[in-house]
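As a plain string of letters, each chain reads:
Protein chains: 2
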Amino acid sequence: MSAEVNAWPDDPQLDCDEHGHMPRLNVSLKLSALDSQFAPVDTEGSFRRVAARLRPILRMARERHAFVHFDMEQNDYRLLTREIFQRVLMEPEFRDFADCGIVVQAYLQSADDDLRNLLDWARNRGTPITVRLVKGAYWDFENIVARYRGWPVPVYRRKWQSDDCFERLTAVLLQNRQWLRPALASHNLRSLAHGLALAEQLQVPPQGLEIQMLYGMCDQQAQLFRKRGHRVRIYTPFGELIPGMAYLVRRLLENTSNESFLRQSFTDSISVESLLMKPSSHAAAEPPVVDPPQAGFVNEPLSDFSRPEVRAAMQEALAWVRDHLGATYPLVIDGKLCDTRATLISRNPSKTSEIIGKVSSASHDQTADAIAAARRAFEPWSRVPVESRVEYAGLIAAEMRERRFELAAWIILETGKPWQEADADVAEAIDFCTYYAREAQRLSEPRRCDFPGEENSYVYRPRGVCAVISPWNFPLAILTGMTLAAIVTGNTVIMKPAEQSSVVAAKLMEIVRNCGIPAGVVNFLPGIGEDIGPVLTRHPDVDLVAFTGSQAVGLEINHAAAETLAGQRNVRRVIAEMGGKNAIIIDEDADLDEAVVGVVRSAFGYSGQKCSACSRVIVLESVYEPFLQRLTDAVKSLQIGPAEDPGTRIGPVIDNDSRDRLLEFIRKVDPEHGGQVVLAMDPGPLSRQGSFIGPHIFTNVDPVAPLAQQELFGPILAVIRVRTLDDAITVANGTRYALTAGVYSRSPVTLKRVRAELQAGNLYLNREITGALVQRHPFGGYRMSGIGSKAGGPDYLLQFVIPVNISENTMRRGFAPVTENHS
Amino acid sequence: MSAEVNAWPDDPQLDCDEHGHMPRLNVSLKLSALDSQFAPVDTEGSFRRVAARLRPILRMARERHAFVHFDMEQNDYRLLTREIFQRVLMEPEFRDFADCGIVVQAYLQSADDDLRNLLDWARNRGTPITVRLVKGAYWDFENIVARYRGWPVPVYRRKWQSDDCFERLTAVLLQNRQWLRPALASHNLRSLAHGLALAEQLQVPPQGLEIQMLYGMCDQQAQLFRKRGHRVRIYTPFGELIPGMAYLVRRLLENTSNESFLRQSFTDSISVESLLMKPSSHAAAEPPVVDPPQAGFVNEPLSDFSRPEVRAAMQEALAWVRDHLGATYPLVIDGKLCDTRATLISRNPSKTSEIIGKVSSASHDQTADAIAAARRAFEPWSRVPVESRVEYAGLIAAEMRERRFELAAWIILETGKPWQEADADVAEAIDFCTYYAREAQRLSEPRRCDFPGEENSYVYRPRGVCAVISPWNFPLAILTGMTLAAIVTGNTVIMKPAEQSSVVAAKLMEIVRNCGIPAGVVNFLPGIGEDIGPVLTRHPDVDLVAFTGSQAVGLEINHAAAETLAGQRNVRRVIAEMGGKNAIIIDEDADLDEAVVGVVRSAFGYSGQKCSACSRVIVLESVYEPFLQRLTDAVKSLQIGPAEDPGTRIGPVIDNDSRDRLLEFIRKVDPEHGGQVVLAMDPGPLSRQGSFIGPHIFTNVDPVAPLAQQELFGPILAVIRVRTLDDAITVANGTRYALTAGVYSRSPVTLKRVRAELQAGNLYLNREITGALVQRHPFGGYRMSGIGSKAGGPDYLLQFVIPVNISENTMRRGFAPVTENHS
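Read top to bottom, the protein sequences are chains A and B.
So for the first sequence, full-length UniProt numbering puts the first residue at 1; every next one is plus one.
So for the second sequence, full-length UniProt numbering puts the first residue at 1; every next one is plus one.
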C-alpha cells in the first residue's frame with residue numbers, strides 16, 4: 001500500500017508529529033499471526049521463529065517509510081510479545097528505528113509496570129518508540145479464561161479502574177514523550193478530553209500526541225478533534241471479508257457492552273455528568289471487586305508458563321532430576337523396602353540411552369506378601385475416621401504441590417511427555433487427592449430416613465483390598481486417582497504401575513510414605529504385568545481391582561475376577577477404564593479455525609497416547625477439502641523433539657516396542673481400502689536417539705478398516721469423509737468403543753442431535769476432546785471402553801464402598817425418643 | 001384372691017351400686033395375654049382360641065363372685081377384642097352375666113361409635129355391662145405405629161379433644177346407665193368433676209357411677225371422692241416384679257408427659273383456670289391437627305386386616321382367583337403372545353393337586369427372539385422422555401393398587417405365602433414402581449458444572465437390554481422392582497421369572513401390557529432357568545443382567561457375563577442379590593420378650609424362605625436357657641396350615657423338591673458336631689396335601705457345621721451358644737455371606753460396637769431382620785451375598801444407567817453468554 005499512500009497530497013496536520021515528518025502508512029501487527037506455534041512456554045523457539053519473519057517486515061517498512069505497530073493480544077501473550085519486540089528492536093540493525101510502537105493495555109493491573117518497563121527500555125535503547133494506549137479488547141476473554149484456569153484475573157474488574165489507569169498512563173506518556181510517543185486510542189470522550197486537557201496544561205503541542213479511533217465508530221468526534229488541530233488516525237481492518245467480519249463482530253460486542261462509554265452515551269438513563277465524571281469518583285459506588293474465596297472443590301491451576309520464573313523453575317527441576325537419574329527403587333510391602341532379584345530398567349523415550357531408574361520387579365511370592373500386608377492393614381485402616389484419611393490425602397496433595405516441577409520433570413523424562421502436559425498430569429494428581437477427599441467426606445455422612453420409633457442410616461463401608469493397576473500415559477495422575485479413591489474410602493492398596501512409568505510411581509510411593517500413612521495401607525509392587533497381574537486379579541484376598549489400560553487386558557481382568565475362588569471373601573469388583581477410538585465430527589458450518597486447532601490438540605497431544613485422543617476425524621463433504629488442507633498444514637508445523645524441550649509439540653512415543661508396532665501398522669495399511677497416507681512426518685535424526693514417530697494422517701479411510709476401528713495409541717489420524725450428518729453419527733458410533741467424541745458445529749440443531757445420539761462417555765462440543773478436568777469433566781467411557789463409573793466424578797467413589805443400612809428400633813414400651821431428621 | 005377379698009368386712013359405699021350388691025374382686029384382663037397367636041387378621045382362629053380359655057375364667061368369676069373387666073390395648077386389637085367379648089357374652093351360658101365390663105378409650109376418634117355399638121349390643125343382649133371410660137394409654141404408640149405404617153392416626157391429636165370426648169361419653173354413659181354402667185377412670189380432676197356435676201344434674205345417685213384410679217397415683221384425690229360418698233376403685237398390678245416394673249414405667253411416662261393433667265397440675269406456669277377449663281375452649285388456641293400431605297416418596301401402606309371389610313375383600317379375592325385357576329399363559333415377545341411346545345405347570349404348594357396355571361416355556365429360539373425384540377425396542381424407548389416413562393410406572397402402580405387383593409391371592413395360592421406377607425409383597429411392588437419413578441426423575445436432572453465459556457452437564461443414559469431373572473419368594477415385588485428399575489431408566493427388559501411363580505409374573509406382564517407400554521419394552525419369557533438362563537446371560541445383545549436368587553446361580557451368571565463375546569456391544573453388567581446365612585445375636589441384657597418375637601418372625605416368616613431370614617441365632621451364655629425355652633415355646637404355638645387360611649403362620653415351602661431337600665438335610669445333620677434337634681414340628685396330615693415341613697430348631701450347632709454355614713431357605717433355625725459378645729460377633733461374621741444381621745441388646749456400648757463390626761448389608765438393632773421397606777431399608781448384601789447396590793435405595797438405579805459428561809464450549813470470539821448455574 002505504501003506507494004499509493006505516499007502519493008497522497010501533503011497534509012501537515014496528519015503527516016507531521018512534534019519531531020517532523022512521519023510515515024503515513026501505519027500497520028498494526030499481531031505477532032501470533034507470524035507463527036502457528038507461537039507459545040509463551042517456548043519463548044526461545046517462538047522468538048526465533050517470529051523474529052525470523054519479523055525482520056524482513058521491519059526492513060521493508062523502513063525501506064517504504066511505513067510505521068509498524070506491535071499489537072497486544074490476550075495477557076498470555078503479553079510478555080512474549082514484549083520480549084520479541086524488545087529483542088528485535090535492540091538488534092543493531094533496528095536499534096535506531098523509531099517508526100515502530102507497541103500497545104499498552106490500561107485494563108491490565110500490570111499496565112503501570114508495563115509502561116515503566118517500556119520507558120526504561122526505550123531510554124536504554126536510545127531511540128523513541130510510540131506507545132498506543134488502549135483500554136484493551138479482551139476483557140471478557142481474560143475474565144473467562146482466568147476463572148476457567150483458576151488464575152488471578154489480570155484485568156481491572158471495574159470499568160472506572162481501567163479508565164483511571166488510562167488517565168494515569170496518559171500523564172506518564174505525556175511527561176515522557178521524548179521516549180514514548182503518545183497515541184491515545186479510545187472512543188471514550190472523557191478519556192480523550194482528559195488527555196487533551198493535560199496536554200494543554202503540560203504545554204504539549206497539538207502534534208505531540210495522536211488520537212486513534214476505529215473506522216466507522218465515532219466519525220463525528222474524529223472530525224471534531226481534527227478541527228481542533230489534532231492528528232486523528234482511523235484504523236481499519238484490511239483483507240478478506242469473512243475474517244474481517246469476525247473482527248467487526250468483536251468490536252460490536254465490545255462497544256455495545258453495558259459498560260462501554262459509547263453505549264452509555266446513547267442511554268438516557270445515564271447523565272452526562274456521570275459519563276464525564278473523574279473515573280475514581282465512581283469508587284465509592286463501585287468499590288474494587290474482591291472475589292470471595294471459592295467454595296467447594298477447586299481444580300489445581302495449571303502452571304502459567306508465560307511467566308519467566310515458572311519456566312526457570314521447570315528448567316531447574318529438569319536439571320535436578322537429571323542429576324538424580326539411575327537410582328534404584330525397591331518394592332514397598334507393609335512399609336518395608338524389599339529388593340528383588342529382577343529389576344525393570346526405565347529409560348527416557350526421548351533418549352533411550354538414558355536410564356531413568358532401576359525398579360525392583362516383584363515375584364509371585366512378593367505379590368502374595370503385598371496382598372497379605374494389605375489384608376492385615378485393612379481392618380485397622382477401615383476404622384480410621386474419614387477425617388484422618390482425608391488429612392493424609394491433604395498431605396499427599398501438599399507434597400505434590402511443593403514438588404510440582406520435580407514431579408513434572410520425572411514425567412517428562414520417564415514418559416516423554418511435553419512440559420505442559422506433564423504439568424497437567426501433576427495438577428490432575430493433586431485434583432484427585434483433594435476431590436476424592438471431599439467426596440469421601442460427603443459419602444461419610446449417613447443418609448437418614450428416620451421415623452418416630454425407628455432410626456435408619458444408610459452408610460458406606462470400604463470394600464477391602466484394592467489392586468490398582470495403572471498405565472504409563474498419565475503416570476502420576478491415574479495412579480494417584482485410583483489409589484487415593486481407594487484409601488480415602490478406607491480400602492488398602494497394592495499399586496502395580498505400568499513398567500514404563502515405575503519411577504514416577506516410586507515417587508508417588510515416596511510421597512505416600514512421607515505423609516505417614518500406616519504401613520501396609522499402600523504397597524508398591526512394580527513388576528511385569530503379564531507375570532504378576534493374574535496373581536493380583538485372581539487372588540481370593542483381593543476385593544477390588546481398579547485398572548486403567550488396554551481393552552484386551554481390561555476384559556481379561558474382568559473375566560478373571562469373576563471367577564469364584566476357594567476361600568474368596570467377596571465377589572471381586574472390577575473398575576476398568578479401557579480404550580477408545582474417538583471421533584471428532586466436522587460439520588458443514590464448523591468454525592474451521594477452531595476445529596483445526598481442536599483436532600490437532602486432540603489427535604496429536606502427547607503423540608496421541610491418551611485413551612481420550614482423537615483418532616478419527618469425520619468431515620462433512622462440503623468442508624472436507626479446506627479442512628483437510630488446513631489440518632495438514634497445521635500438523636506439518638508441529639515441532640517434533642525431545643519432551644524436555646519446551647518447544648516440542650510431538651515428543652517420542654513411550655518406547656521402541658510401541659514405535660515399532662505403530663510403524664508396522666502403518667506399513668500394513670491397505671491403500672486400496674484401509675486408507676491413503678497424506679502426511680507422514682519424519683522425525684529425522686531423532687529416530688536414532690529415541691522412540692520417535694512423526695504424525696501421520698490418512699484419508700479415504702474405510703470406516704470399518706483397522707485404521708478406523710483399532711485403538712493405536714500413537715500420532716496417527718484417520719480422516720473419513722461423509723455425505724451427511726446422519727452418516728457422520730453412524731460412523732462415529734460404529735466402533736466397539738464409546739469413550740470420547742467431539743463435534744465442531746455452529747448449528748444448534750446439530751448440537752442438540754449429537755448430544756442425544758453420539759455415543760461417548762465424554763462428549764465435547766466445539767472444543768478439544770482431551771484434557772478432561774476432575775469434577776468438571778468426570779471421565780470414562782462405556783460400551784467396550786469402560787467398566788464402572790467416571791473418574792473424577794460424583795459416582796466414582798461409590799465403586800470403592802459397600803452400602804450398609806442400619807436400622808434401629810428405638811421404641812420402648814410404646815414410647816420413642818424424639819430425634820432429629822424425622823421424616 | 002376372691003376368698004380373701006370376700007372375707008373383708010362390709011362397706012356399703014364400696015360394695016353396692018345402684019342395683020345392689022356387686023363383686024368386690026374386679027379383675028382386668030388383656031385378651032392378647034390368652035393367646036400367643038392373637039391376631040386380628042385371623043379373627044376366627046383368635047376367637048376360637050381365646051374363647052376357649054376365656055369361658056373357664058368367666059365361669060370361675062361367676063362362681064367366686066368376681067367381676068371381669070376386658071381391657072383395651074392398641075387400636076389394632078380393638079375390634080377383635082370387642083368381637084370376642086360380645087360373642088362370648090352372647091353365648092347362652094353368659095348372656096345373663098352382668099358382672100363384666102369393657103373399656104372404651106376416649107382418645108380414639110372412633111370412641112363415640114364404639115360406645116354406641118356397645119349400647120346397641122347391650123340392649124340387644126338384655127343384660128347390662130359396665131363400661132370403663134378411659135382416655136387411653138397408648139397415645140404415643142398409636143401415633144408412632146400409624147405414622148410408621150402410613151395408616152390414619154386413630155387417636156385425637158390434641159389432648160383437649162380426648163378430654164372433650166371423655167366428657168361427651170360420660171354423658172352418654174350416665175344417660176344410658178341402665179345398660180352401660182359408668183366407671184370413670186381418670187386422674188384428671190376436671191374430667192371427674194364434670195362427671196360428678198353432670199350426675200348430680202341428672203340426679204344420678206352416688207352409687208350410680210364408679211371412679212377408678214391407679215394405685216399410687218392420686219391418693220389424696222381418691223380420699224376426697226370417697227369422702228363425698230363416691231365409690232372409688234384403685235387398680236393395682238398383680239404378679240411378678242419385673243413385668244410389673246415395665247407396666248409402672250409406662251404409667252410413669254404416660255403421666256409425666258407434657259400434656260398430662262397430673263404433670264400440668266404440678267407446674268406453676270399453668271393456671272388453675274386453664275387446667276379446669278372446658279376442654280373445647282382450648283380449640284381456638286389449639287385447633288385440631290391437619291397433617292399436610294406427605295412430601296416425597298411414601299411407602300404404600302400395608303392392608304389393615306383388623307378391619308372386617310379388608311378381610312372380606314381378601315376372602316373374596318381368594319374365591320375369585322380360585323375360580324380362575326388353571327388358565328394358560330403364553331410368552332409375550334414384542335407385544336405378541338407366543339405359545340410354546342412345552343409348558344410349565346404351576347401348582348399350589350399348600351395343595352399340590354391344585355394347578356394354578358399352565359405357563360409357556362420358552363425355547364432357545366424364542367429367547368433369541370425376545371432379546372432381538374428388546375434390542376429393537378431399546379432405541380426408541382431410550383428416547384421416550386423420563387416423564388412418560390414415569391407415567392407408565394404410575395399406571396402400573398395404580399393397577400396394582402386396584403387389583404391389590406387379587407394379586408395377593410395369586411401369590412398366596414401360587415407360592416404358599418400367608419396373607420400378610422402376600423399383601424406386603426404387593427405393597428412392595430407398588431413401592432418399587434413409585435420409588436424408582438421418583439429416582440429416575442431425580443437422576444434425569446443433569447448435574448451442571450458450568451463456567452463462563454463452558455457448560456458441563458453430567459447426565460445418565462440407559463444401558464440397553466436388561467435380562468431380569470427373578471426368584472419365586474417375592475414373586476411380584478422383586479420381579480417388579482428389577483423390571484421397573486430397568487424401564488424407568490430407559491432400558492428394555494426380558495423378564496425371566498422363576499418357574500414356581502410364573503403365573504404371578506404373567507399377572508405383572510398383563511398389568512404392564514394394560515398400561516400401554518410400547519411393544520418390546522418388556523418381554524415375558526418364562527421357561528426353565530437351567531435351559532434358557534445361559535442363553536440370556538451369554539448373549540452379546542444383552543447389556544445388563546439383574547438377578548435375584550441363589551448364590552450358585554448368581555456367581556455363575558457373573559462369570560458367564562464377564563466373558564467377551566464376538567459382536568458384544570457392552571461389557572455386560574451384573575446385579576445379583578444372592579443368599580444369606582443371617583444371624584441374630586441375643587445379648588445378655590436383651591429384652592427377651594422382644595427378642596423372641598423378633599427371632600420367630602425373622603426365622604419362620606414365610607417358612608424361612610427369604611434371603612433376609614434369620615437362620616442362626618447366637619445367644620450369650622447367661623440368657624441362653626431362658627431364651628431357648630421361650631423361643632421353643634413360642635415356635636410351638638405357630639399354626640401350620642395352608643397359606644390361604646388367615647391363621648396360618650407356617651405355610652408350605654415352595655414345592656416338594658424343596659421340602660425333600662430340606663428333610664434330607666435335616667436327616668443328615670450330625671448330632672455329634674452338626675447340631676441337635678430340640679424342636680421338630682410335624683405338619684401331620686397336611687404333608688399329604690402340600691409341601692409342608694414344620695419348624696425345626698437345632699442347638700449345639702458348631703459355627704462351622706453345614707447347618708450354620710449353608711443357606712437352607714426353610715423353617716430351620718440353628719441356635720449357637722457363645723460366651724462373649726466378641727465370640728458372638730466372630731460367629732456372626734464367620735460365613736461367606738453378609739446380607740442381614742440383627743442384635744437384641746439394651747446396652748448402648750454393644751449397639752455401638754455391632755454397628756461398626758457386624759458384617760451385613762442390612763443391620764437391624766432390636767427388631768426383626770426381615771421386612772425391609774423400600775427407601776427406609778435399602779436392601780442388599782455384600783461379600784458373597786450380593787453384587788451391586790441395594791434395591792429400593794438411592795444408588796440402585798445408577799446400575800441401570802451410564803454416566804455421560806457433555807461439555808460445550810460456549811465462548812465465541814472471546815465472549816461467552818451468561819448462563820445460570822455458574823459455579
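It should be emphasised that the hints constitute simulated quantities derived from the structure, not laboratory data.
All C-beta atoms, glycine included, are put in the ideal place defined by N, C-alpha and C.
Be aware that one or more of the hints could be misleading.
If you want a taste of the chain A side facing chain B, the calculated C-beta under 7 Å gives, among others [as the list claims (entries may be wrong)]: (1) D140; (2) M245; (3) L248; (4) L252; (5) L253; (6) N570; (7) G761; (8) P778; (9) L798; (10) I802; (11) P803.
Just a few of them, taken from the derived set where beta-carbon distance is under 8 Å, the chain A residues facing chain B [as the list claims (entries may be wrong)]: (12) H559; (13) R569; (14) H777; (15) E808; (16) G814.
Coverage of chain A stretches by chain B, computed from C-beta distances (three or more under 8 Å per stretch; other residues unrestricted) [what the hints assert, rightly or not]: (17) 313-327; (18) 386-396; (19) 445-453; (20) 560-567; (21) 671-682; (22) 782-795.
Structure-based check of each hint:
| no. | hint | in the structure |
| --- | --- | --- |
| 1 | D140 | 5 Å, holds |
| 2 | M245 | 10 Å, violated |
| 3 | L248 | 10 Å, violated |
| 4 | L252 | 10 Å, violated |
| 5 | L253 | 5 Å, holds |
| 6 | N570 | 5 Å, holds |
| 7 | G761 | 6 Å, holds |
| 8 | P778 | 5 Å, holds |
| 9 | L798 | 6 Å, holds |
| 10 | I802 | 4 Å, holds |
| 11 | P803 | 5 Å, holds |
| 12 | H559 | 4 Å, holds |
| 13 | R569 | 6 Å, holds |
| 14 | H777 | 5 Å, holds |
| 15 | E808 | 4 Å, holds |
| 16 | G814 | 3 Å, holds |
| 17 | 313-327 | violated (count 0) |
| 18 | 386-396 | violated (count 0) |
| 19 | 445-453 | holds (count 5) |
| 20 | 560-567 | holds (count 4) |
| 21 | 671-682 | violated (count 0) |
| 22 | 782-795 | holds (count 10) |
Violated hints for the displayed structure, listed by number in ascending order: 2, 3, 4, 17, 18 and 21.
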